[in-house]
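**Q** Sequence:
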Amino acid sequence: MSAHGDPIPMTARGGHALTGTADVPGDKSISHRSLILGAMAVGETRVSGLLEGQDVLDTGRAMAALGAEVIRHGPGDWSVHGVGVGGFAEPEQVIDCGNSGTGVRLIMGAVATHDMAVTFTGDASLNGRPMGRVTDPLSLFGARAVGRAGGRLPLTLVGAAEPVPVRYATPVASAQVKSAVLLAGLNAPGRTVVVEREATRDHSERMLAGFGAEIETRRTDEGFEITLTGRPELRPQTIAVPRDPSSAAFPVCAALITEGSDVLVPNIGLNPTRAGLFDTLVEMGADLAFENRREEGGEPVADMRARFSPDMKGIRVPSERAASMIDEYPVLSVVAANAAGVTEMPGVAELRVKESDRIDAMAQGLRANGVEVEDGPDWWQVTGRGPGGVPGGATVAARLDHRIAMSFLCLGMAAKAPVTVDDAQPIATSFPIFEDLMKALGAEIVRGNG
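First residue of the sequence shown? That's 1007 in my numbering, and the numbers climb one at a time after it.
By construction, these hints were calculated from the structure, which means they are not laboratory data.
For glycine and all other residues, C-beta sits at the position ideal for the given N, C-alpha and C.
Keep in mind that a hint or two might mislead.
With beta-carbon atoms standing in for the labels, derived distance ranges [what the hints assert, rightly or not]:
| hint | residue 1 | residue 2 | range |
| --- | --- | --- | --- |
| 1 | 1442 | 1130 | 22 to 32 Å |
| 2 | 1325 | 1197 | 26 to 36 Å |
| 3 | 1160 | 1266 | 31 to 41 Å |
| 4 | 1265 | 1196 | 22 to 32 Å |
| 5 | 1239 | 1085 | 45 to 55 Å |
Pairs of lysine-lysine, DSBU-like flavour, derived with a Cα cap of 30 Å [claimed, not checked]:
| hint | residue 1 | residue 2 |
| --- | --- | --- |
| 6 | 1422 | 1445 |
| 7 | 1422 | 1319 |
| 8 | 1445 | 1319 |
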């Protein structure tokens, strides 16, 4: 699949059990951070298992444009020769981050405390997303952003000539914002502090510590306080990227709702700040097993087995769990549509400002396929139709959103009638082997309108 170009309609049909091993790609969050922190270290960082989706490739090109040497040695095998903290050079061209909100926000943080101007752009979806949530805290360091109305891309970030450390309390639970501030703090003197009321995914903190930064997290009355001491010399690392739990969600959820399915997904990252979906599925009654639990590269991993689960029931997902599964709510709603009873999902306003308005995109598509959905500004609920009970038969709009496209293709694997997405090409941004992997498990997916 191409991340850009003409739309690629795609249709999934039910009636086929999913069986076998699903070797999903490397974790996208860790892949982004491996390239960025490798570029800010002194020496050569080696990365195996890197996700080679368009989002991560765009981040690799950005690091090269900023002066690092980024080399691909083979599938998933990369090296980054870093320039050190404070060593980025002003790029000669605009930095194009494609579809990646994570990429652009983290890179903005990394360059915000360098005395230079960097212009960012992306695809139509990314250029429609607000950047104020990250440029506002970066301005506290002394950076200045000039962009379109609403703080949207294309946008030029003028880095701070004399950066100062900051203390910043995040107004919303966002690992992207937290990470951007911490990356900016690397090239600021003194201590930069981020306070978040709810814990978000902590890959940045784990990886910064691994690269040699002085970083500490402690619980306070305000929440979780992360303190970073600026201007360290980061040490290059050897990183084995675990497989992405957000990508694993699709074969796992498809297996749970497709009769006769039994799928093994090996080496999945189970970082507690990312595992909320799996906790939720178990509470719903999913037949999930976690085998060979271990730790790799500072991250907990396991082999996960998912079997068809006809007795799942709707639950109320705790709002405090949202930060640990925010990207998985679309595919959770597909599982909910095949469960019995109502699944309530409160505290998810963040879904309104992802690659698309994911609540609206899923609600409209599920309704078109015969599923009852209610939604509000920061909540939604799905009334399940039981195993195999979704009528299907509709064509839905993916809205340039990879997770919407994959979620509805999973719906089609269990629905009575085929489900078509109008454009599956954005899937390449995060899960370029999705189509081939699902077909290898037994899914019937065809290009076109079926």
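**Q** Each of the hints needs a verdict: does it hold here or not?
**A** Checked hints:
1. In this structure, residue 1442 and residue 1130 meet the distance hint of 22 to 32 Å, their C-beta atoms being roughly 27 Å apart.
2. Between residue 1325 and residue 1197 the Cβ separation comes to about 32 Å, which falls inside the hinted range of 26 to 36 Å.
3. The hinted window of 31 to 41 Å between residue 1160 and residue 1266 is violated, with their beta carbons roughly 49 Å apart.
4. The hinted window of 22 to 32 Å between residue 1265 and residue 1196 is violated, with their beta carbons roughly 59 Å apart.
5. At roughly 19 Å, the beta carbons of residue 1239 and residue 1085 sit outside the given window of 45 to 55 Å.
6. For the given pair, residue 1422 sits about 19 Å from residue 1445 by alpha-carbon distance, which is consistent with the 30 Å threshold.
7. Distance hint between residue 1422 and residue 1319 is fulfilled; the C-alpha atoms sit about 20 Å from each other, no more than 30 Å.
8. Taken as a hint, the residue 1445 and residue 1319 pair is honoured in the structure, with Cα atoms around 28 Å apart against an allowance of 30 Å.
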